[in-house]
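Line order of the protein sequences matches chains A and B. In terms of our numbering, the first sequence opens at residue 3 and continues consecutively. In terms of our numbering, the second sequence opens at residue 3 and continues consecutively.
To be clear, the hints were calculated from the coordinates, so they are not data collected in a lab. Accuracy of the hints is not assured; some may be wrong.
Note that the list lumps identical chains together, so a pair holds whenever it fits in one copy or between two copies.
[Claimed, not checked] Quick list of in silico lysine-lysine cross-link-like pairs, DSSO-like style, CA-CA up to 27 Å:
{"id": "1", "residue 1": "K333", "residue 2": "K61"}
{"id": "2", "residue 1": "K221", "residue 2": "K471"}
{"id": "3", "residue 1": "K404", "residue 2": "K471"}
{"id": "4", "residue 1": "K333", "residue 2": "K221"}
{"id": "5", "residue 1": "K61", "residue 2": "K212"}
{"id": "6", "residue 1": "K471", "residue 2": "K95"}
{"id": "7", "residue 1": "K61", "residue 2": "K471"}
{"id": "8", "residue 1": "K212", "residue 2": "K28"}
{"id": "9", "residue 1": "K400", "residue 2": "K28"}
{"id": "10", "residue 1": "K400", "residue 2": "K95"}
{"id": "11", "residue 1": "K28", "residue 2": "K333"}
{"id": "12", "residue 1": "K331", "residue 2": "K161"}
Number of protein chains: 2
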Amino acid sequence: MYRDRIRLKSLWGRVVSPEEAALLIKDGMTVGMSGFTRAGDAKAVPVALAERAATDPLKITLMTGASLGGDVDAVLAESGVLARRLPFQADPKLRAAINRGEVLFVDQHLSETVELLRSRQMGPIDVAVVEAVAITEEGGIVPTTSVGNTATFAILAEKVIVEINLAQPAELEGLHDIYIPTRRPFREPIPIVRPDSRIGLGAIPVDPAKIAAIVITEKNDSAAANQPGDADTLAIAGHLTEFLGHEVARGRLGRQLGPLQAGIGTIANAVLQGLADGPFSGLTMYSEVLQDSTFDLFEAGKLAFASGSSLTLSAARQRAVLADLDHYKTKLVLRPQEISNHPEIIRRLGIIGINTALECDIYGNVNSTHVNGTHMMNGIGGSGDFARNAYMSIFVTKSLAKGGAISSVVPMVTHVDHCEHDVDVLVTECGLADLRGLAPRERAGLIIDNCMHPRYRALARDYFAAALKRGGQTPHVLEEAFSWHLRLRDSGSMLPA
Amino acid sequence: MYRDRIRLKSLWGRVVSPEEAALLIKDGMTVGMSGFTRAGDAKAVPVALAERAATDPLKITLMTGASLGGDVDAVLAESGVLARRLPFQADPKLRAAINRGEVLFVDQHLSETVELLRSRQMGPIDVAVVEAVAITEEGGIVPTTSVGNTATFAILAEKVIVEINLAQPAELEGLHDIYIPTRRPFREPIPIVRPDSRIGLGAIPVDPAKIAAIVITEKNDSAAANQPGDADTLAIAGHLTEFLGHEVARGRLGRQLGPLQAGIGTIANAVLQGLADGPFSGLTMYSEVLQDSTFDLFEAGKLAFASGSSLTLSAARQRAVLADLDHYKTKLVLRPQEISNHPEIIRRLGIIGINTALECDIYGNVNSTHVNGTHMMNGIGGSGDFARNAYMSIFVTKSLAKGGAISSVVPMVTHVDHCEHDVDVLVTECGLADLRGLAPRERAGLIIDNCMHPRYRALARDYFAAALKRGGQTPHVLEEAFSWHLRLRDSGSMLPA
Numbered sequence: 003m004y005r006d007r008i009r010l011k012s013l014w015g016r017v018v019s020p021e022e023a024a025l026l027i028k029d030g031m032t033v034g035m036s037g038f039t040r041a042g043d044a045k046a047v048p049v050a051l052a053e054r055a056a057t058d059p060l061k062i063t064l065m066t067g068a069s070l071g072g073d074v075d076a077v078l079a080e081s082g083v084l085a086r087r088l089p090f091q092a093d094p095k096l097r098a099a100i101n102r103g104e105v106l107f108v109d110q111h112l113s114e115t116v117e118l119l120r121s122r123q124m125g126p127i128d129v130a131v132v133e134a135v136a137i138t139e140e141g142g143i144v145p146t147t148s149v150g151n152t153a154t155f156a157i158l159a160e161k162v163i164v165e166i167n168l169a170q171p172a173e174l175e176g177l178h179d180i181y182i183p184t185r186r187p188f189r190e191p192i193p194i195v196r197p198d199s200r201i202g203l204g205a206i207p208v209d210p211a212k213i214a215a216i217v218i219t220e221k222n223d224s225a226a227a228n229q230p231g232d233a234d235t236l237a238i239a240g241h242l243t244e245f246l247g248h249e250v251a252r253g254r255l256g257r258q259l260g261p262l263q264a265g266i267g268t269i270a271n272a273v274l275q276g277l278a279d280g281p282f283s284g285l286t287m288y289s290e291v292l293q294d295s296t297f298d299l300f301e302a303g304k305l306a307f308a309s310g311s312s313l314t315l316s317a318a319r320q321r322a323v324l325a326d327l328d329h330y331k332t333k334l335v336l337r338p339q340e341i342s343n344h345p346e347i348i349r350r351l352g353i354i355g356i357n358t359a360l361e362c363d364i365y366g367n368v369n370s371t372h373v374n375g376t377h378m379m380n381g382i383g384g385s386g387d388f389a390r391n392a393y394m395s396i397f398v399t400k401s402l403a404k405g406g407a408i409s410s411v412v413p414m415v416t417h418v419d420h421c422e423h424d425v426d427v428l429v430t431e432c433g434l435a436d437l438r439g440l441a442p443r444e445r446a447g448l449i450i451d452n453c454m455h456p457r458y459r460a461l462a463r464d465y466f467a468a469a470l471k472r473g474g475q476t477p478h479v480l481e482e483a484f485s486w487h488l489r490l491r492d493s494g495s496m497l498p499a
Numbered sequence: 003m004y005r006d007r008i009r010l011k012s013l014w015g016r017v018v019s020p021e022e023a024a025l026l027i028k029d030g031m032t033v034g035m036s037g038f039t040r041a042g043d044a045k046a047v048p049v050a051l052a053e054r055a056a057t058d059p060l061k062i063t064l065m066t067g068a069s070l071g072g073d074v075d076a077v078l079a080e081s082g083v084l085a086r087r088l089p090f091q092a093d094p095k096l097r098a099a100i101n102r103g104e105v106l107f108v109d110q111h112l113s114e115t116v117e118l119l120r121s122r123q124m125g126p127i128d129v130a131v132v133e134a135v136a137i138t139e140e141g142g143i144v145p146t147t148s149v150g151n152t153a154t155f156a157i158l159a160e161k162v163i164v165e166i167n168l169a170q171p172a173e174l175e176g177l178h179d180i181y182i183p184t185r186r187p188f189r190e191p192i193p194i195v196r197p198d199s200r201i202g203l204g205a206i207p208v209d210p211a212k213i214a215a216i217v218i219t220e221k222n223d224s225a226a227a228n229q230p231g232d233a234d235t236l237a238i239a240g241h242l243t244e245f246l247g248h249e250v251a252r253g254r255l256g257r258q259l260g261p262l263q264a265g266i267g268t269i270a271n272a273v274l275q276g277l278a279d280g281p282f283s284g285l286t287m288y289s290e291v292l293q294d295s296t297f298d299l300f301e302a303g304k305l306a307f308a309s310g311s312s313l314t315l316s317a318a319r320q321r322a323v324l325a326d327l328d329h330y331k332t333k334l335v336l337r338p339q340e341i342s343n344h345p346e347i348i349r350r351l352g353i354i355g356i357n358t359a360l361e362c363d364i365y366g367n368v369n370s371t372h373v374n375g376t377h378m379m380n381g382i383g384g385s386g387d388f389a390r391n392a393y394m395s396i397f398v399t400k401s402l403a404k405g406g407a408i409s410s411v412v413p414m415v416t417h418v419d420h421c422e423h424d425v426d427v428l429v430t431e432c433g434l435a436d437l438r439g440l441a442p443r444e445r446a447g448l449i450i451d452n453c454m455h456p457r458y459r460a461l462a463r464d465y466f467a468a469a470l471k472r473g474g475q476t477p478h479v480l481e482e483a484f485s486w487h488l489r490l491r492d493s494g495s496m497l498p499a
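Bound conformation, chain A alone:
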């Protein structure tokens, strides 16, 4: 029974069907939903809302932590419910609707959304829909496998719908550390001084009167979408492990390195797994998403503690971790994404940030989001929070895509998410470029030689040589800067016939 999950008995009467709860959401509203990289997302109310839209059309602004699981973003997009979506998504159908201009997508640094809401530069939030493992005696909402923006959504929303998910184990309670920065101009330092600092509450404090509906669900999180590693990701991990090993050998880093952050996805996950083979010990993570690799490092005895905003795991790992929470609870904490991604903490702790590039250029600028500079993939996510403020900002990518028709290293990226100032180290399966303290002309030589696939190097050297004749701090042949992309479009490959 669900009643032991709702410890404030006066709320028992608010349990309704997802359809009834969804009626609280009306045309034109702004809705904040839980969910961060497929974890801890609201699972029933958004689907009921999409179904209702078939006969009762409506449009909302939907804010989340990050990407949702299942088909929720697809279902909402296809039902025409989404007028505006932020701050991140990763769904192919929603992505297509965004790129057709049918859904307005506001791509934001993940630490910023709730700052904008709190200061009323965006919002207000009409309804929050949040997944919970329990409601406490005081009406506090205990999140499940992610915190994301859930706490601030619930605190700021006019009304809150809680989805109590019986498939999420009650033992998740105690895993969370809910801290909300105090109001400006009286904001105090955020007192995190180590990845394992606990500074907040175990539940989201809301006025129980605002909890307008409770829905009972019983559905697992969607499994992580990561592909297994391959020879290329192994090589990338190898280069990075070797490099960090050198940093340790030179005495710049201790064997515990700095707290690690790794972006979502296959490559970052594989790279983190690779660190198990390095000369490291007592590693810590201060990241946004904790993936399978976090638990591989725990099992390898390399990882001492991991702080994140979500647990996004494969199905097998999900079963194993959720069944063994008492073991992991002393080694893990889940925080609001504002705190996991906070510039203050990232700079203080000296984080080593590892994020994935979609493409990079010979000067080290990185495109994380836009195919051909125009079409959105997922969003910038937290990569900008980390890359700007980290001790060391590392970007990883395979040097080729589409069977070699695309070089991920190009003369000029078609869209810049991370400028050269925020890219310290670039790694592909071909090698690693340590760009720290180098001028653009030096960066170009190193990136071409170390990171670019050999079959594109001569072409890149020709471009760079022609650009050098024109001079400048960052030499370019402006009329040729996107010629590789145009060749790809016209001939199917960035390589000349």
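Based on these hints, arrange chain B on the given structure of chain A.
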């Protein structure tokens, strides 16, 4: 006499000529010099070094706070002394040498240089050359009109050369607040919670044994290079003042706004002056450079306190302020640029950052540094520290340059220093675009209508319409994206004949 400026008497014997002091600097060394936006720079030793290079060629890596005054960067560049220069410069002759590839320029976020040095990702520093108003009884170095990176350079350097500048009034002592973040992994929060928080020392603590030479100078700082405001800067200031007034009227900001940061230069200075006409009171600044406008706001009774890393003033204002330091000392503090530009503090205080764009595009990406995407102007400076982490990031520019041959608003910027995520408000003399919470397609319409000069609007609308047909989150016609710049190069104007 200078002896009252050197209160540690055992150092009296280290007073030498600039030429003798310069002999401590040898070929291949890394040298850190004081100086931030023309203020508090070493004035004699670098000139002596350049003169020596005529007969005794040598190459050094030169690090400073930011730009130097006088002709120091020019003289050093022309004498061939500079192999590498960072993190900022603003000298036409040095700029030309950089763009010819003769000097390697490493353009860095101004808060980051000393983090890289402290963690030994760059460096070591062989010699620091720092201007001081005095040396204390303990050997502490009291800076003059800037702090910049001086404290960390002096602390980390093998040897320190101090230039005691008798033209800088002794009353500058007490103006500085020298705080160095504690070492990771034990770094504590930086305890600044208001612009007027004082958390450090009045002098730079160094081992007196490291003070290898002292040079006596008597030369004023170079005057600020700002041009007087004109109708365009007045209009920009007017739009921004009106906008901030609306934010106050809506209750999003109090009449004291948030602490203000304004970049170096004519437009930012004029914009800040313009705030004197708004419905504001009790304003504060938490900025890197304090220009004439800071003192205009003090005189207008609008400004309560200003924190900066340098005083960069016109000749007249320099005389007035330096003669009246006792009055200003309770209202001003000068901090290391690491602290004035620290992400932790910028985010905590909720700063309103106002920086100048060289060009921006219809989606709100900003180029602050590269003419035509290739040739360096000055450097990114602190704009990236502020734009990423501020409460609100505002960029200002005139809509036209070169008598209208150049539109500062273009289809796609040729270099990105600030991506759209970091640009909340864009202002030209034509108007203001409030971009908060908007998707790129919405931003384009607003920027074209509000910020672009009317004579370019039809051209931009044609581009945007053609781009929309291709779709995408950020629609572009890739083969036309730089067509305006190419037309300028080929025909002398971005406008078609």
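Hint check results:
1. For the identical chains of this complex, K333 and K61 are neighbours neither inside a copy (42 Å) nor across copies (51 Å), given an alpha-carbon limit of 27 Å.
2. For a Cα distance limit of 27 Å, the shortest separation of K221 from K471 qualifies neither inside one copy, at 61 Å, nor across copies, at 41 Å.
3. For the homomeric pair K404 and K471, the shortest alpha-carbon distance between copies (25 Å) is at most 27 Å, but the shortest distance inside one copy (32 Å) is not.
4. Taking the shortest Cα distances, K333 and K221 sit within 27 Å of each other inside one copy (26 Å), while across copies they are farther apart (60 Å).
5. Within a single copy, K61 and K212 get their C-alpha atoms as close as 23 Å, which meets the 27 Å cut-off; across copies the closest is 68 Å, which misses it.
6. Only between protomers do K471 and K95 lie at most 27 Å apart by alpha-carbon distance; the minimum there is 20 Å, versus 45 Å within a single protomer.
7. Taking CA atoms no more than 27 Å apart as the test, K61 paired with K471 passes between copies only; the shortest distance there is 24 Å, against 54 Å inside one copy.
8. Taking identical chains as interchangeable, the C-alpha atoms of K212 and K28 lie at most 27 Å apart only when both belong to the same chain, with a minimum of 17 Å there against 70 Å between chains.
9. Taking the shortest alpha-carbon separations for K400 and K28, neither the intra-copy value of 45 Å nor the inter-copy value of 43 Å comes in at or below 27 Å.
10. Taking the closest pair of Cα atoms, K400 and K95 come within 27 Å of each other only inside a single copy of the chain (25 Å); across copies the shortest separation is 41 Å, beyond that limit.
11. Neither within a single protomer nor between protomers do K28 and K333 lie at most 27 Å apart by alpha-carbon distance, with minima of 42 Å and 52 Å respectively.
12. Proximity of K331 to K161 under the C-alpha cut-off of 27 Å is found in neither arrangement, the shortest distances being 31 Å within a copy and 50 Å between copies.
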